[in-house]
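**Q** Residue numbers (our numbering), protein chains in the order written: chain A, 1170 to 1419; chain B, 106 to 762; chain C, 389 to 717.
FYI, nobody ran anything at the bench for these hints, they're computed from the structure. One or more of the hints may lead you astray.
Said to hold, decoys possible - Across the chosen pairs, the derived CB separations fall in these ranges: (1) C:Gly-635 - B:Pro-479: 18 to 24 angstroms; (2) A:Gly-1260 - C:Asp-570: 39 to 45 angstroms; (3) A:Arg-1251 - B:Val-336: 21 to 27 angstroms; (4) A:Ser-1378 - C:Lys-715: 47 to 53 angstroms; (5) C:Gly-517 - A:Gly-1349: 39 to 45 angstroms; (6) C:Lys-611 - A:Gln-1217: 34 to 40 angstroms; (7) B:Pro-479 - A:Leu-1200: 24 to 30 angstroms; (8) C:Gly-572 - B:Asp-432: 52 to 58 angstroms; (9) A:Gln-1217 - C:Ala-573: 29 to 35 angstroms; (10) B:Pro-422 - A:Gly-1349: 43 to 49 angstroms.
What the hints assert, rightly or not - Calculated pairs, DSSO-like style, for lysine-lysine (alpha carbon to alpha carbon, straight line, at most 30 angstroms): (11) C:Lys-689 - A:Lys-1410; (12) C:Lys-519 - C:Lys-405; (13) A:Lys-1256 - A:Lys-1276; (14) C:Lys-530 - A:Lys-1256; (15) B:Lys-504 - C:Lys-689; (16) A:Lys-1187 - B:Lys-504; (17) C:Lys-674 - B:Lys-542; (18) A:Lys-1417 - C:Lys-439; (19) A:Lys-1365 - A:Lys-1256; (20) A:Lys-1276 - C:Lys-579; (21) A:Lys-1359 - A:Lys-1201; (22) A:Lys-1201 - B:Lys-504; (23) A:Lys-1359 - B:Lys-586; (24) B:Lys-542 - C:Lys-530.
We put the CB at the ideal spot given by N, CA and C, even for glycine.
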Amino acid sequence: MKIAVCIKRTPDSESRFKIAGGSAAIDETGLKFDMDDFASYAVEVALQLNEKQGPGETVVVAVGPDNVQETLRKAMSMGADRAIHLKADAGVFDGLAVAKALATELKAGAFDLVLFGKYAFDTSASVVGTATGALLGVPTITAVSRLEIANGRGTARRELEGAGEMVEFALPAVVTIDEGIARPRYPSLKGIMAAKKKPLETKPAQLGSIRVAVKSMELPAERPPGRIVGQGASAVPELVKLLQNEAKVL
Amino acid sequence: MRLGKAERRTDQPFRRIWNVLRVGIAQTKILREPIAGVMHATIFWGFMVLTAGTIELLISGVFRTFSYQRFVPDAAYRAYELSQDTFAVLVLGAVAFAYYRRLVLHPRRLEGDNIEHLDAYIILGMIGSLMLTYLLAGGFLAVARPGAVDLPRFASLGVGRGLAVVDAHSAWIGYRVSWWTHAVLVLAFLNYLPYSKHLHVASSLFNVFFSNTSWKGERAAMRPMDLEADVEKFGASDVEDLTWKNLLDGYSCTECGRCTAACPANITGKPLSPRKIVVNARMRLMEKGPLLTGDRMEFLRPMFVHGEGGDAGARTPQQALEHRLLDQYISEDELWACTSCRACVQECPVSIDQLDVINEMRRFLVLSESRFPPEVQPAFESLERNGSPWAFAQADRAKWAEGMNIPTMLQLHERGERPEVLFWVGCMGSFDERAKKITVAFARILQACGIRFAILGQEEHCHGDPARRLGNEYLYQMLAKDTVETLNRYSVPTVVTACPHCFHQLGNELPQLGGNYEVIHHSTYIARLMEENRVPLQTEEGNRLTVAYHDSCYLGRYNDVYDAPRETIRRALPVVNLVEAPRSRDRGLCCGAGGGRMFMEERVGKRINVERVEELLATGADTIAVACPFCMTMIGDGARDKAEVLDIAEIVARNLD
Amino acid sequence: MPNILVFAESRGTELRKVALEAVTAARGLADGMGGGEVHALVAGPPGIAAKAAQVGQYGADAALVCENAAFARYARESVAATLAERAKAGGYRAVVIPFSSQGRDLGPRIAARLDAPIAADVIALSAAGDKITAKHPGYANKVIITLEVSGSPAVISVRPSAFTAKEAARNARSETVQPALDPGAEQVTVKEIIEGAKGKLDLGEAPVIIAGGRGLRGPEHFKLVEDLADAFGNAAVGATRAVTDEGWRPHSDQIGQTGRQVSPQLYVAVGISGAIQHLAGMRTSKTIVAINKDPEAPIFKVADYGVVGDVFEIVPALTTAVREAKKGH
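Pulled out of the complex, with its shape left as it was, chain A reads as follows (with noise of 0.2 angstroms):
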């Protein structure tokens, strides 16, 4: 099968962030850089799908100023097969932009399924995946923690709120993946050398005008530091009437 996986560098998910001067973006200084989470799984996801299914071909796609390239190749040390720069500047938050400078490479690629991650750390939006698909006009699944590909139809568990539903869908086919469907390979030294020459090709993507731009970052009030509400059974009142009125979570 010929699959592509569409992926993104984003910041190591432990991080502490700080606001860089201008305020429209986070302060990179020591941070580090790492494919993101789910883009991993999905990653995976492709590349378990070719070696149970024979021969087939892996193609990993970013989009991003240069430094994307170094997420590509990891993807390569995991195991893929070439990959795809689409070069553009960082910090895009207009997902529809970014779906279609994808959807116009991916066009021409004639893959059978194309991979993203549920979500982005960074951009937390699930926006992407899904308009991917939908500006290529093939089914579209999402928060998939399950997938089989057999004969051209696939079959699929999505993930929503305490249920699963279950899906099938004919190929080509478009899917954004959810944990707990794979854990991501270690990359042995032998695929970190292997992946140094294998091919990565920058072109410019396509994205379009950006209608949806960062006007400021700023961090949340700061977590107060916990404090004990009290002693025994006689403290659970108060502590419910804080999870109700301060923390809101009942």
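Keeping the supplied structure of chain A fixed, place chains B and C upon it in accordance with the hints.
**A** Relative to the frame of chain A, chains B and C by itself:
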């Protein structure tokens, strides 16, 4: 052995010779076990002494009248004769005891790993027969030619007394028969040697010479690895990936099992047996060697040693070539079960380095095949992203120091100052709630002593030791090189750390990557300060604690630091009752967290930390002292509610004035 | 005055709470732009029409009802097509949908069909000139991003619970709408819905997690944790490694460095001391409550609210109180 990779092992020749004398000739490691040790030492020294006699005997077989008597003063010859008889009796006694031990006592370490007993019986039998035929020859001679056997040969004379019933002629025949039997046995034994584990008599002294295991510190460092090398594979999956020294180790192993008996994994039921690792390497070499070299090396194939767990039934040469040491002989589970405590290396009487093979095979698993327990992956990923094996942000590194007014290297650097010492905190000490208390305690001690120290703060990240222990040399070198860069940039003076793993890594292994620093463990540092009376202690009578100190493997066996922590405890608690667990100092039982096992699940057998805690508690201690944050976690977990577990820094800090 | 189109999500023949929140958000946006109309589209199986009128209570001027048996299941393409067609035809300024499981899937489809910019998972909304300003938490809720959306229509999906449904009763007229695409002929066919076993939520999805540790003393006492989870209704049950190692709970329940890493809205740690490996698995939870008898337990350092004492007394009391509080949700 030519199949093995090249390696240079002729540096520091005097130290090496000293080791041969100490470990080999003086049998220091053999004697670690009192009874069996004396038994073997007797046989070995007897062998050396009696060889002189054997040579005399064999030469006299060709040149009838040959005797040392011609070349040495009389008194010396008499002493020589006495030595021969004395040792003949002693060795015979030792052999008898050896049989008794194997057949009746069945010591645990001589069981398992499917080792071959027949080989041992044959060897013992041959040795015993040699002694018997020697004494019989002497005895018969004494009867046949009275006066031919002098008084120093008391045992032969004694035997002769017993044979007095025989007439002179028959005695002469008896003598000739005994003599010839003895000579033939010697030559037969020599021929049997390569087929049995008795080959160790030829290889072991060389093995001790070429071994690096008796060095502490830098020699206990893991083998360096060149990742830039244009090689097919990284690490070892089969015998040709091992070095000639590893292969020599295989030939020197006598399957005594002292290593396995000391292995914390094996003791608690894991599949790992260090002996099996070595024996399997040899077996595999025997199997593959001839196929690769095309030599008729059959003569080295041990007839009687087959062993189990290996040799996945390769029936044809093709199969044998398809198989490999990894998987078909040694399983992944065995390799990952190792805590790298070095007890096996410590115990081996012929200085075999079992840990080297385990490490090289781990490197292969990780670097070439990306095979490792799944729970290790988050640790690798976190190390790569966060510079710590746990998912904590580097920005939080110095949070423990809040309010303590401790400068960072960067701050001092900007002021153009340098501290006396850099306190390397480590990941446990920075992030683990329990270990942070140790960090704070030690910092307080330093402050109380007026030491000008600094920390790296947010510039500190893991040096990669856990990755290295787990076989991920690539990740390790990335982190370690960066650490060296940081430390070199600050021209770090002296480094002190409360974690033995950091201590070992920074002091003993970073030199491989160009980082040479004076690194001191906090136990040594505090002991030094106490020696100089710089630590303000209030040593009131107070409660008399019964403290059992648990030796950290990376402090003890790796670096020979046993006394400093004990000294520290004694000085901090003058009325302490310091008790020792049965397995302590260089026999100390590991807590179970080393070798990257801190990051793995323990799924088989008894928990190592529980085994250790039981032993510590059986001493009657109400307090257990440790000098390592990993030990703190493991021992603390096992001793929960049963004893208080404290780091030595905490013991001292509690008693600060 | 610009009008806003809302997708009032339903489940079966009931409108969901998030639907009413979306209407409120739309109402607020419309008022901010001069007081245009809010039209709420409801797509559901026959019978939904009766409930659709609810939208009027929360500020909608019109309820656009699309009834079709096939809408008993989530007919993504049809709903997207219907909304998009209506949005284009009606010249709406914005389309507001909930950022629920369905809404996440729906929003980008609508945006693609309309070639409209989309801002997802929004917690605050306002209009400034010809731009819509939307606040959205990114970077796993660590950074609040203020976005400016230019272009009309714009698609906005609002985070559940960020906008509290507010009564603002209007006389909503009802309109029948035909589906733009046959909901029975979707490219993605739903074969079945698998309800979670006894409502057993996946740890990764559950907004609330109640986790038990060694302080519970034995597997039989995990009933306390399960009851509390039950009381919340949308809670999953987790466990520490100590407990899964003992075999009290299955390994799949383990939260920690070597188990699941979770980030729910609310994490209640019952009888858990807070070893570093456990903390690594749940530290990023929005609100953490800890219940433990040891006031020195490390868990209290990361908890927002702590209760010290006997879990066997506190948890049942909390369960009762939560049940009470949840009545009428």
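**Q** Identify every previously stated hint that the structure contradicts and give their numbers, smallest first.
**A** Result: no hint breaks.
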